[in-house]
Amino acid sequence: MRDASHAGRRAAVARALVHVTLAGASLATVFPLVWMLAAAFTPNDLILARPFRLWPESPTLANFAAAADAYPIWRWLWNSIVAAAAVTAGKLALSLPAAYAFARGRHRWRDAAFGFVIVTMAFPTVMVIVPTYLVVVRLGALDSLPALIVPSIPYIGFYVFFFRQAMKALPSEMFEAASIDGAGFLRQFVDIALPNVAHVVPALAAFAFLGAWNIFLWGQLTLGSVETKTLTVGVALFSDIEGAQSLWGPLMAVNCLAILPVLVAFLLARRSIERAFASR
Amino acid sequence: MDAADRRALSTAGLVAPAVLAVAAFLYLPIAASGLLAVLDYHPATQTFRFAGLANIAAVLGGDAFGRAAWNTLVYCLVLVPAQVLVPLALALGLREIAGSRTAPVYYACLFAPTLVSFSVAGAVWLPLLNPINGVLNEMLTALGLPPSRWHTDARAALWVVSLVAFWKTFGLNLVLWYAALMTIPKEQIEAARIDGAGFFRRVRDIDIPLASPTAFFILVTTVFTTLDDIVGIIDVLTGGGPFERTTNLPYLLWQRGLVFFQFGQASVIALVTIAIVAILTWVQFRFVERRVTYA
Amino acid sequence: MPCTRLSRRTLLAGLAAGVAAPAVLRATGARASDARIVVSSNFGPETAFQAVVDAFNAKGLGVAVENRFDGNYEEATAKTLAAVSAGRPPALMTTGWKFGYYAKRTLGARDLREIDAARAEALIGNFVPSVHTLVTVDDALIGVPWAMSTPITFINMEHWRAAGLDEAIPEEIDTDWLYERARALQAALGGGAHPSFRSPLALSNNEWTSQSFVQNAGGAVIDEAGAVGLARPESIAGMELFCVPAHEGLWIPVGSREQDAAFIAGALSIVTTSSTRVINYPQAAPFEVATTRFPGVPGRPRRMNSGGNFLAVYAREAEQAQAAMTFLEFCGSQEGQDLWSGVGYLNSSVHDVAAPTPLIAPAQAQLADGLTAETIWPGTRGFEAQNAWRNAVSRMLERVDPVPVAMARAQDEVAALIAA
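Protein chains in written order, with this note's numbering: chain Z, 324 to 603; chain W, 227 to 521; chain U, 1147 to 1566.
Bound conformation, chain Z alone (with noise of 0.2 Å):
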């Protein structure tokens, strides 16, 4: 009896522990972006009187109307929506026919085909950047959400690999018992598979979309002029150097609006991100 107390007691002490040391992780974590969220809504000539603070003094809007009035903000967001959304549905256009070829197609080159793209996950993107670039200068493509986009679709790798596992792992009886229906291979992609492996698209969805929403060192050598801007990329633009303007009310106020949608995307697949990275 008195034994049990104690382990009883010895855990309430040990989650007491754990507690502490997770709220104390978090509160450091978060706190450049709690810093952030008090700076938007901060008016920006207060900003740099005072350097800490978790609550904004005099709350308003004004950041964000102040960085509208400088650059075309709401254009910047549509166009992060754009190249994201468009990335992602490439990805996932290419990686899901490819991984369920790879998981259920018999061709005698499918194995090599499958390391050959497989092994890409291991490229840094910096690697193709110079040729890449001076491609994409070549076709007069800069300064366009295309080049952007197209070149930033291809890295699959982790994709192709990951719906391929979905797919293998599927009962095989589920393919014959539709072969046997009269299912040719093609048409088990879109009845079987497909939906078997739908409730994880979200979950890498999420993850493309958020690389893409992201890119930064790309964007800032493809997209020159202020309309084709992403927010990630002219986040950039309210730092000018030779005036020594600090408009640092407006960039953290376009800092919260290029976080927004992110949040929720991943808010949106976070059931499937835990049903997508479960050990099976």
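Because the hints were derived from the structure by calculation, they are not lab data.
Glycine included, C-beta positions come from ideal geometry on N, C-alpha and C.
Wrong hints could be hidden among the right ones.
Computed footprint of chain W on chain Z, listed as stretches where at least three residues anywhere in the stretch have a Cβ under 8 Å from a Cβ of chain W [stated by the list, open to error]: (1) 398-407; (2) 442-456; (3) 582-595.
Fit chains W and U to the supplied structure of chain Z, relying on the hints for placement.
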């Protein structure tokens, strides 16, 4: 045409777009890098000149390359273990208190920075780190501690870059670990507890083996992202400085190619980088994957 | 069902309008027949440069100018190189003085006389003869020398008074005077004695103010004959003087953005930086700002350098080039110069332009004393040469290498890079 032929044709058809896209946008540029490495190319005039080994000599002869290679190693040695183990510890903690009302709050806070882009991370961290009157120094001073020069201090800069890179990316591995741990049957853990297994033994004997496919996946992807993602952080925080103290090979490539327009030199660095990545990948699959137990 | 279809159509129409709206907005005020030209600039939409562009567009001269903010000199130059290779250069770019050779030899900046000799002569006649050489590269007139700055000293007078220093700031100061005041400020205000004071001095950690020190000490980064002069004893003496406050703990070397933010927040007492800050510092700082000349080296004649940018034409087609000339003519006119003075550059034109603020007086005095060019980095690897010098400056400030060692090394590195 019989069924087998049709299936082979369909297989090829479904795979072709992916293979072609990868070949055209990832393999071809690398092949082109091999060519650019021995050329002197002027983009404005679009003239090529055979440069022989001049680009290779220029890269290997400078101090920056050695420094960047060394830093690449240091970043990997510091960040890969940190990015794998700290999220594991946090995920284990989150599992311990799963069901409590604050658990989702911790989860959300810890994951939040992962959503932030490099440009935003830079815009947020630079004023915090300002060595003269930044928020962090104000806090240190208030606590009676000496202020730091952070990313402008040649000795501290690499660690500051590592810290911000860690801050921005660890949430991803946390999500992966957490998802894997939460699906390990409670009964198995309970049984081990009754057998007298302590916390660390339970983690070692039950959690890690059962989550080993996820663990392997995390290890492999973390090595790649550590090489790659840090480029954005270096760009917004230090630009590789002070005097190349924070640069790594991918950043040096970026700087030589797209800041200095020495495409040949950049291509040499690209080839060295791909060789390193290829070796790392081979080592991981050769020595680590054998320990993975696929369920 | 009809309901959803309707809403989807409405949505699509809305999205289409969203896409089209910015284009429509930009088009207002410009006629379809206008020649459209793009200026790649270092100036955002809330600067006096935008005011110049807007005023020009409002005149309806058949040319519509779009100001495209492309970041600092290095970033804008990189973007223009890409655009040149793509065969679509911007008609004009605000090009840093320091990239003069690069602009002509690599980017292909046009000789204005070759576009239209008569218009070019009239145009350059708007500017004082002493700046003509700055835009003359390889015997070609490659731009309009309208943006000239020089480093000067900015002082937070609230700190000054709090430390009990003499409010009458001399017009000419030297490093002895400045460093002594910095020590006094540190002693009086440091250690929490003043609520916002954090550090007394910042000299700007870059290739530009360090050049001022080298030249004021009688040395040269690259001399008139094109020789690298970093290893000369005078240059070394200049850099040793530059490093004194950093090594003494009076100066915490940081980037320009951080330096500006700290000064505006009242954390820094003295900053030496570009004279263009005469516009923004007083606007943003809640205390009185005073200015004086850049510190000289005791016992040496001051030999200050200028900085800034010129407007160069990159357009290849005749129509674009002529349209660019039309805009340049406005920039060189009295009206254009009156608006432009709001950015905070020195008046390099022959027009009588009112000073935007009395704080600019020390910069004008330095101009009257005579200014050299800032270092113009030659060779195809000029960018890297600048980077090598910047790194050397940082290494000396950080005491990684003793100054003479670092200067000898920088001499070799820079010489090799500019010879390439």
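Now the hints, each set against the structure:
1. 398-407: violated (count 0)
2. 442-456: holds (count 15)
3. 582-595: holds (count 4)
This entry does not satisfy hint 1, going by the numbered hints stated previously; all others are met.
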